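Work the whole structure out from these sequences, hints included.
Going by numbering that gives the first Met the number 0, the residue at position 503 of the sequence shown is 502; the numbering climbs one at a time, nothing skipped.
What the hints contain is simulated information worked out from the structure, not anything from laboratory work.
Be careful, since some hints might not be right.
What the hints assert, rightly or not - With a cut-off of at most 20 Å between alpha-carbon atoms, the simulated EDC-like pairs for lysine to aspartate or glutamate come out as follows:
{"id": "1", "residue 1": "K343", "residue 2": "E288"}
{"id": "2", "residue 1": "K343", "residue 2": "E361"}
{"id": "3", "residue 1": "K326", "residue 2": "E277"}
{"id": "4", "residue 1": "K326", "residue 2": "E295"}
{"id": "5", "residue 1": "K212", "residue 2": "E168"}
{"id": "6", "residue 1": "K697", "residue 2": "E654"}
{"id": "7", "residue 1": "K697", "residue 2": "D668"}
{"id": "8", "residue 1": "K326", "residue 2": "E288"}
{"id": "9", "residue 1": "K326", "residue 2": "D275"}
{"id": "10", "residue 1": "K212", "residue 2": "E181"}
To be verified - Label pairs and their computed distance ranges (CB to CB):
{"id": "11", "residue 1": "T409", "residue 2": "D490", "range": "32 to 40 Å"}
{"id": "12", "residue 1": "E452", "residue 2": "R685", "range": "28 to 36 Å"}
{"id": "13", "residue 1": "R723", "residue 2": "T594", "range": "21 to 29 Å"}
{"id": "14", "residue 1": "D498", "residue 2": "D419", "range": "52 to 60 Å"}
{"id": "15", "residue 1": "R673", "residue 2": "D419", "range": "41 to 49 Å"}
{"id": "16", "residue 1": "D498", "residue 2": "R685", "range": "18 to 26 Å"}
Remember, predicted model here, so these are calculated numbers, not experimental data.
Beta carbons: idealized from backbone N, C-alpha and C, even for Gly.
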Amino acid sequence: MGDGAGAIRERERVSTASTDAIAIVDGERHGAVNAAYADLYGFSRPDDLVGEPWDRRLAEDERSRLEREILPSCRSEGYWRGTITGRRRDGTTVSHELSIARLTDDQYVCTAREAAGEERTGRDAREHTRLLERAFDAVEDIVYVFDEDGDAVLWNATLREVTGYTDSEIAGLEPAELIAPEERERGSDSGSGSDAGGCLDQLGDRQVDLVTKDGERVPHEFRGTTFEDRETGRIYRCGVARDVTDRTERERQLRTTRRFNEELVENAPFGMFRLDDELRITYENQRAEEIIGLPENEQESEAIGTDIRDLPSIAETGQADLFTRLKDGETIEFEFPFESIYGKEAYFTGRGVPLYRDDEFEGAILMAIDISERRRRERQLERQRDELETLNRINELLLEITRDLFASPTRTEIEQTVCDRLATSDLYQFAWIGAPETGGQRIVPRANAGIDEGYVETVTVTTAGEETGQGPAGRAFRSGEVQVSQNIRTDPTFEPWRDAALERGVESAAAVPLVHGDRTYGILAVYATRPLAFSRREQSGFEVLGEAVGFAINAIEEHALLFADTIVELEFEVTDSGLVFVRASDRLACEIDITGYVESASGTWSVYLTVDGAEPAAVREVATADPDVERARVVADEGETGLLEFAMNGPAVTELAEHGAMLTSGYADDGRGRFCIEAPQTTDIRQLSDRLQTAYPKSTLVAQREFDRPVQKPIEIRQSIADRLTDRQQEALQRAYHAGYFEWPRRSTAGDIADSMDISETTFHYHLRNALETLATAFVGELH
Numbered sequence: 000m001g002d003g004a005g006a007i008r009e010r011e012r013v014s015t016a017s018t019d020a021i022a023i024v025d026g027e028r029h030g031a032v033n034a035a036y037a038d039l040y041g042f043s044r045p046d047d048l049v050g051e052p053w054d055r056r057l058a059e060d061e062r063s064r065l066e067r068e069i070l071p072s073c074r075s076e077g078y079w080r081g082t083i084t085g086r087r088r089d090g091t092t093v094s095h096e097l098s099i100a101r102l103t104d105d106q107y108v109c110t111a112r113e114a115a116g117e118e119r120t121g122r123d124a125r126e127h128t129r130l131l132e133r134a135f136d137a138v139e140d141i142v143y144v145f146d147e148d149g150d151a152v153l154w155n156a157t158l159r160e161v162t163g164y165t166d167s168e169i170a171g172l173e174p175a176e177l178i179a180p181e182e183r184e185r186g187s188d189s190g191s192g193s194d195a196g197g198c199l200d201q202l203g204d205r206q207v208d209l210v211t212k213d214g215e216r217v218p219h220e221f222r223g224t225t226f227e228d229r230e231t232g233r234i235y236r237c238g239v240a241r242d243v244t245d246r247t248e249r250e251r252q253l254r255t256t257r258r259f260n261e262e263l264v265e266n267a268p269f270g271m272f273r274l275d276d277e278l279r280i281t282y283e284n285q286r287a288e289e290i291i292g293l294p295e296n297e298q299e300s301e302a303i304g305t306d307i308r309d310l311p312s313i314a315e316t317g318q319a320d321l322f323t324r325l326k327d328g329e330t331i332e333f334e335f336p337f338e339s340i341y342g343k344e345a346y347f348t349g350r351g352v353p354l355y356r357d358d359e360f361e362g363a364i365l366m367a368i369d370i371s372e373r374r375r376r377e378r379q380l381e382r383q384r385d386e387l388e389t390l391n392r393i394n395e396l397l398l399e400i401t402r403d404l405f406a407s408p409t410r411t412e413i414e415q416t417v418c419d420r421l422a423t424s425d426l427y428q429f430a431w432i433g434a435p436e437t438g439g440q441r442i443v444p445r446a447n448a449g450i451d452e453g454y455v456e457t458v459t460v461t462t463a464g465e466e467t468g469q470g471p472a473g474r475a476f477r478s479g480e481v482q483v484s485q486n487i488r489t490d491p492t493f494e495p496w497r498d499a500a501l502e503r504g505v506e507s508a509a510a511v512p513l514v515h516g517d518r519t520y521g522i523l524a525v526y527a528t529r530p531l532a533f534s535r536r537e538q539s540g541f542e543v544l545g546e547a548v549g550f551a552i553n554a555i556e557e558h559a560l561l562f563a564d565t566i567v568e569l570e571f572e573v574t575d576s577g578l579v580f581v582r583a584s585d586r587l588a589c590e591i592d593i594t595g596y597v598e599s600a601s602g603t604w605s606v607y608l609t610v611d612g613a614e615p616a617a618v619r620e621v622a623t624a625d626p627d628v629e630r631a632r633v634v635a636d637e638g639e640t641g642l643l644e645f646a647m648n649g650p651a652v653t654e655l656a657e658h659g660a661m662l663t664s665g666y667a668d669d670g671r672g673r674f675c676i677e678a679p680q681t682t683d684i685r686q687l688s689d690r691l692q693t694a695y696p697k698s699t700l701v702a703q704r705e706f707d708r709p710v711q712k713p714i715e716i717r718q719s720i721a722d723r724l725t726d727r728q729q730e731a732l733q734r735a736y737h738a739g740y741f742e743w744p745r746r747s748t749a750g751d752i753a754d755s756m757d758i759s760e761t762t763f764h765y766h767l768r769n770a771l772e773t774l775a776t777a778f779v780g781e782l783h
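Put into structure tokens, the structure is as follows:
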């Protein structure tokens, strides 16, 4: 076996060295061929034939002869000689003398020589073929030829270089495998199936991706044609494929740049218009369409195709000649008001730039910015400067009025002072202050000033929601906010008083609530002879004035209670469980006695009370669930008795403070409470009583008494001390007193009281020490 294999290798070396065309056939395929054999059949390299079926190099009509005559002779005689027609790689045929000798059962050695008369022709043809192949290889583009069976017949070196395949690999590939998958599918969808020739026919002259051996996709542009070999009648596809990677990248960059420019123009924050050489509008970007008010249901402006100089707004403003100068190559700038064909108003500013191509005017680009908002702001600034000047005068007037308030000793003088100062200015025609009548809804004038020609006495204004309560005054009283009628002629809510106001030249009015805390004392009505007389800033100023007047009235009422010669005492019996003291005494069957209360800086009230017959902790639990109690603290716990502190923010104490009244005593026992209140004689007792009974329906005014309280020395001393103490010092002193801080042992620590005041313990000591020093100074001074 070893000797036989060596002999075969020796024959292969001999065939390779021979100048005759020699091939060793192993089975049904070429096992080894020399260069002459490969050349005979049109192959540039012997390796391209190795492994190829033997009968493929025979003409079709010779293949049956191989099985019928040649091989049987080799098996019986050991050899065969004769003339046979072979088939070259390019499909042409060649007649040659063939000698076959059997080496083994499956191995043969073939020696071929072109037939006489064809040798020179064959040699010339081969030389021509080699020249053609060298020419193909010199081409930088891919050159290919496929036969009608889809087999690659001819290709140049560029195909190998681009794809990375060898010639033998290319010969064994289906040509469709060199094409991107989607292109194969496209060929299949078109009815060509997997046939490579058909696939390439479908490609036509266009671009597809060539797939390399490594899977890389390289864009190529294919251009080819189909032709018929007249000698054989076979159909071939010949073509050239050019690498268009660079061109594709440039095209991509151009598309990107073009898309960027288009998006830039389309999304520009200013309007862009394209004019042709006759100054007709040919394009408007999105912003331009917004500026001109293009309706959403229209795809294109009706102005497209119109000479811009013929647009009404441009012709009417005398701007047509300006745009004509674009034809002279002049860059123009413009600024003018504009109304589009859709009725949209704008104010344009911008620039027009002429466009030229080959020194010929081609049109222009207009870039326009809508500065309507800027123009409105400029006009608004002018109005604001005028308003600011007026507002400064108003603020000066309101400040002067506020200073005068605290020089007025009575409510009547306060109200008259306000009206006088407003009416004497040239800003307002007249003013009046009114308050609800006792037991009614009509707002009764209390003071007025200015030229009203009887207006105040003749009109009817109410606090209810009826027609006479829908004007500025009624709304202001109900809402507690400034209300205005900027144009009396058109304001429907001013209908009941419109004629009377217009007869007196009044164009606008404002109503200001006079408030302190939750209480509204009345309203201030102001009238002006100009419309839109009350700007937001002016309304804010009047809001402050209303609060200042309300504060001054409240201060006078509190002062009146402190120094009144005659005091009104009211005694109420309350069984309403809505009052926490009554509810706790009923639920726990105990007695509760209010010992004092203090207003904190935050506006809440700290009420101090003793309990007898129930644990203080139980009372605290009842109070914690009450919506009027923010927090409850046990100050002292002595079993069934003790001292507590409630932080409250309900009507039980706020109504008293707002009416200048104070609680002098109060207790509750088994669900029934009795409370005594002192108020100055000037207090609207009925209103106070109504407010308390509204808050606590199950309450009854059981007694009302008046008594004289002469101004005594102790009261003067008390007022003198109060004038010297700050609000925080008074609060610290009162809380310390009511919380048992001065008792021994102390019922509350400094920390407890500081927590109830929401301050630090150090700050509490500071306020308390200063308060005690003031008390001591006043007391020692009286001794002397």
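A quick look at each hint next to the structure:
no. : hint                       : verdict
1   : K343 with E288             : 10 Å, holds
2   : K343 with E361             : 30 Å, violated
3   : K326 with E277             : 9 Å, holds
4   : K326 with E295             : 34 Å, violated
5   : K212 with E168             : 10 Å, holds
6   : K697 with E654             : 17 Å, holds
7   : K697 with D668             : 15 Å, holds
8   : K326 with E288             : 25 Å, violated
9   : K326 with D275             : 10 Å, holds
10  : K212 with E181             : 17 Å, holds
11  : T409 with D490: 32 to 40 Å : 35 Å, holds
12  : E452 with R685: 28 to 36 Å : 34 Å, holds
13  : R723 with T594: 21 to 29 Å : 25 Å, holds
14  : D498 with D419: 52 to 60 Å : 27 Å, violated
15  : R673 with D419: 41 to 49 Å : 46 Å, holds
16  : D498 with R685: 18 to 26 Å : 35 Å, violated
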